[in-house]
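Listed in order, the protein sequences are those of chains A and B. All residue numbers for the first sequence refer to our numbering, where the first residue is 1 and numbers rise by one. All residue numbers for the second sequence refer to our numbering, where the first residue is 1 and numbers rise by one.
Treat the hints with care, as some may be off.
Just so you have them, the derived chain A footprint on chain B, three or more residues with Cβ under 8 Å [unchecked claim]:
{"#": "1", "segment": "66 to 78"}
{"#": "2", "segment": "109 to 118"}
As a list, the in silico DMTMM-like pairs of lysine to aspartate or glutamate whose alpha-carbon atoms are at most 25 Å apart [unchecked claim]:
{"#": "3", "chain 1": "A", "residue 1": "168", "chain 2": "B", "residue 2": "81"}
{"#": "4", "chain 1": "B", "residue 1": "122", "chain 2": "B", "residue 2": "88"}
{"#": "5", "chain 1": "B", "residue 1": "69", "chain 2": "A", "residue 2": "150"}
{"#": "6", "chain 1": "B", "residue 1": "69", "chain 2": "A", "residue 2": "102"}
{"#": "7", "chain 1": "A", "residue 1": "123", "chain 2": "A", "residue 2": "113"}
{"#": "8", "chain 1": "B", "residue 1": "122", "chain 2": "A", "residue 2": "113"}
Since the hints were derived computationally from the structure, they do not count as laboratory data. Glycine residues also receive a C-beta, built at the ideal position from the N, C-alpha and C atoms.
Residue strings, one per chain:
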Amino acid sequence: MVRTFIRNKGGSEKVFSLWWFFVLAIVGLGIVVGVLIFYSMDFDVREIEAASLYNNLANCVIKQGYLADNFFDKNFDIFEKCGLNKETILSGDFYFKISIFDGDRNLVKEISDGTRTFEADCKIEGKLIAKEFPKCIGKEERVIYYQDNEKKNAAIHILAASNQKGKKLSI
Amino acid sequence: MASLSAKKESINLFFRNKKSEGVFYPIIIFVILNLMFFSILLLFVHRSSTGALIYEQFYAKQVALLVDKADPSSIITLNFEDGIKISEKNKATPEITFNDNTVTVKLSGKKGYSFKYFSDHKVSSYFDFEQNNLVIVVE
């Protein structure tokens, strides 16, 4: 045993075999590529952002179960009312749509802005896994509103979508 | 006399025997090379996991989401200990700017990461280096 391990001249060839370097290279390359891929991936916060936009819209349009005052006014500015930055919403990464339906499911009023294609993308995104599609939050709630001094029940559907991925700066 | 010759022989076996040198040193070199290789790999993984780019992205997104959720006239205190450590490692000072509804975080002094927030608030920030905190002022 001692003879073969210490005194055998051929042992040196067994220790430094070409295969061992090949295995090291494969293992090293695999780890380097894996680490680079893993750490170059983005933290996906699009769903959180869509939820945040939804909450923002819902909190300013619905006040204790009632639709916000002057919601039906022609000059109702959703950006001013909800404290949203118009340029950011129109930058191509966001979309929202607020629809009011009366008791007979007739559309009473609709407000939407942002990237309009997101609405169709949201329907697809809900059915299959589409990585590049926006993340969406859409919910319906019951509200009360006054029209011509008459109290009416309605359903409000709010859809909020985000597809913002962030930007690495090179300089 | 006999013990002296036996002692000489044992010394020969470990240090002067050409046959043993030919096999024993390659094993040591083999082990050292392997240790070096895996140490470099571990160092690479560690440096990648604590790189500025990851933390820049992490803080930019966190700050933007906090600003979006914040009510006007609020002050947010964010623990920035890791960001300050990364900046010190890169021999830079952490930098956070708010321009055109975009927050930009720079921890390495060169590159950075920017992320938009949709709230129409006026936002500013400053560092509390004693507590390792970032203080965000939303107006």
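Structure versus earlier hints, numbers of those that do not hold, lowest first: When the structure is compared with the hints, numbers 4, 5 and 6 turn out to be violated.
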